[in-house]
Amino acid sequence: MNVPVMQIRGIVKEFSGVRVLHKITLDIFAGEVLGVLGENGAGKSTLLKIISGIYTRTSGSIKIDGEDVDIQSSSDAKRLGIAMIPQEFNLISSLNVFENIFLGNELKNGFLLNKTLMRSKANQLLKELETDLNPDSLIENLSVAEKQMVEIAKALVNESRILIMDEPTTVLTDHEVDIFFALVEKLKQRGVTIIFISHKLKEVKHLCDRLAILRDGHLISVDDVSDINEEDMARKMVGRELNQIYPARAEHTEEVVLKVSNLSIKGLLHDINFDLKKGEVLGFAGLIGAGRTETAEAIMGLRKKDSGHIEVSGQAVEINSISDAVLHNLAYLSEDRQGKGLIMNFDIPKNITLISLASYVRGLIQHKKERAVARDYVKRFDIKAASINSNLANLSGGNQQKVYLSKWMDTHPNILILDEPTRGIDVNTKKEIYHFIRSLTEQGVSVIVISSELEEVMGLSNRVMVMRSGEIMGELTGDAINEKEIMYYAAGLKTMARA
Amino acid sequence: MIMSQLSPMITRMKRLDIATYAPFIALVLLIVFSSIASEHFLMPRNITNVLRQVSYTGIIALGMTFVIIAGGIDLSVGSMVALVGVLSIMIINGVGDGWWAVAMAVSSAIALGGLFGAINGLIITRGKVASFIATLATMSIFRSMTLYISDAGEMVSENQHFSDIGGGYLWAIPYPVWIFILLAIAYHILLKHSAFGRHVCAVGSNSKVASYSAIKVRWVYFLTFLIAGLSVGISAVLLASRLNSVSPGDAGLFYELDAIAAVVIGGTALSGGKGTIWGTVIGAIILGIINNMLNLMGISPYLQGMVKGMVILTAVLVQFKGDR
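First to last, the protein sequences are chains F and P. With my numbering, you'll find the first sequence wraps up at 507, consecutive numbering, no jumps. With my numbering, you'll find the second sequence wraps up at 341, consecutive numbering, no jumps.
Derived from the structure by calculation, the hints contain no laboratory data. All C-beta atoms, glycine included, are put in the ideal place defined by N, C-alpha and C. One should not assume that every hint holds.
[Claimed, not checked] Simulated coverage check for chain P against chain F, where a stretch passes if three residues somewhere in it have a Cβ under 8 Å from a Cβ of chain F: (1) 209-215; (2) 226-239.
[Stated by the list, open to error] List time: in silico SDA-like cross-link candidates among lysine to any residue, alpha-carbon distance up to 25 Å: (3) P/Lys-225 / F/Asn-149; (4) P/Lys-209 / F/Ile-363; (5) F/Lys-208 / F/Asp-390; (6) P/Lys-209 / F/Ala-394.
Okay, chain F solo, but in the shape it has when bound (with noise of 0.2 Å):
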């Protein structure tokens, strides 16, 4: 561990002349899991994505094994062993475990593809990684887990000494995690650099070696990991102390406001039953898979249910679009926020005004309105762009996610669903989104949010329900609303008695 693999020297990066990297200097060690910690808009990815060639840098070198090297593509990053394990997988779906593998660097036999070879080299690496994947299964059978490994075996074929993870365990469930981090040692052993992007601070604390912190484009500190604890790490991220990130829980009122009547779908949710109150937080508890996003969904119209009644503020109303979702002032953040909740390639003001078109419309679009109400939410959640005109793929998660709420918050909605609202955000902004909640409800606007992180839903709810395989299993209120309940619950060893 004393030779630098990799020598960072004076890295900075602008974009159109805004500085995001400034003079990042950095040694990388062979053989050790280094944890790259910020915000977002912090610059690890932008620092990341240039020693993986997707970015080049502006000015700085970078050694490797004490010579200087050129980094200008992601080809020139993959020559030199570096890998970087995306979030969303480069793998394709109607291939198999090995070919996927072997993509691009095919094994065989003079014309044609040696697949006996490739087939045993892949079983062997996989035996070493210690998982019982199977070499021939289709990649579009696999868990999100298992594509994983696959990604990090295909890196290990291409001899990469570096790999790069972007926060590599969000995707997975508790159980894959322990796996992975199995599978990290073994990498270690093998002598595998691993540069490893994160969110979550115990994780980082408990898997890597030391700890690089960025702040603003600068690199803060650089520790042994055990020389640092978790709050040590937040208040460097941050640049501040943190105060307590949930706000104390709001009363509500009685008033129902939304009603949920044996909703339906075949093979998909059964007989859900729930009513939400005037300025409550509810929250839906449940593992991935649940039934807690198709539930929303059905709600706001963009699934078709089999059965069930929505009654809002005591009215029955047909919902069959979300168009008569949000004629009825119900809101949906999706989970996915690039997919299905904003428009990469338009600016600030025409993603936020993109529902709520109609009112900035008097024959013709009144931009100078739709830019102005676009600068308010920009001032009222402290979005932070280069220019109102960026483009939303240029913003940071965090920031994505703030327009995503400005874009509903202007259809001025009664009930807002949040599906997994904070999910890849940094604690900052995490803290800034719940106590935009908090306010929100005290407003009289009514919470539902579903989250796979428990100790978001516990820190918000006043009432919880947890889901399992399309059914809701418990409904917890008070001192119940705690882990164990919880994933009791969720796993199925405890129901509700039903009324």
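Put chain P on the given structure of chain F with help from the hints.
Quick look at chain P alone, frame taken from chain F:
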């Protein structure tokens, strides 16, 4: 010394997204080059002719811009020109003489264009057929219908006023050019300043996000094909009037390619989501000037296709660079 003054300007322009202004710069360069290369180029008569030639495919390209921004393509426009043209001449000859017949022919040409566009749109949105395939099929169907109803013979108008529309002038500018300009302004407003135009861009950028934003994706997509059809109707009747006849086998042949080329040269992404009407206007004019110059310089007509192809490739390469 000039370079040292230019370079800060160039970096500033780079920030302004060079791909957006590339068509305009290309047009200016082309005009400068053309006026040096041929003394005839800048003569008013030549310019008028180029613009008139440009307006027929240009009008179609204006409609095509909406289709392409929404993420589709319409290959049937060329055949549709022939079919609408033949039908409008049949109508005018059927109704008889006088301006009344001309008005009937013009309005029914536009209506028929709209109808055929709507048929494309219905097949694509209701039948969920990819626009490339659906309009490839209707391209063949429309052409075949044209040949059948005309018995493959040239259709000649017997109305004495009909040729005045395509051949007339207002303030020394041909009517088709006026219509091209007015339509471009109207379409520009529709694309950039109406909710519909915004929705077209949204659908072409990410139809999933659009549908989750309460936009009627299929309806918007349908309307783009309707607009393309209406534009074809207008272009077809202007063309029929200009020649006072329609030749069913040749009319509108390869117009789809010219229209798509004009849109692409104008900077609209073939992948959808963004584009401009003024870009398409410039794209159409660039194509027109290139054709004109090849003629003026006495270059073999057989080489014109090659030059056009190279211009399209250059335009796409510039776009691709700009995207990165």
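The hints, checked one at a time:
no.	hint	in the structure
1	209-215	holds (count 4)
2	226-239	holds (count 8)
3	P/Lys-225 / F/Asn-149	holds, 24 Å
4	P/Lys-209 / F/Ile-363	holds, 17 Å
5	F/Lys-208 / F/Asp-390	holds, 23 Å
6	P/Lys-209 / F/Ala-394	holds, 23 Å
Against the hints set out earlier in the document, no violation occurs for any number.
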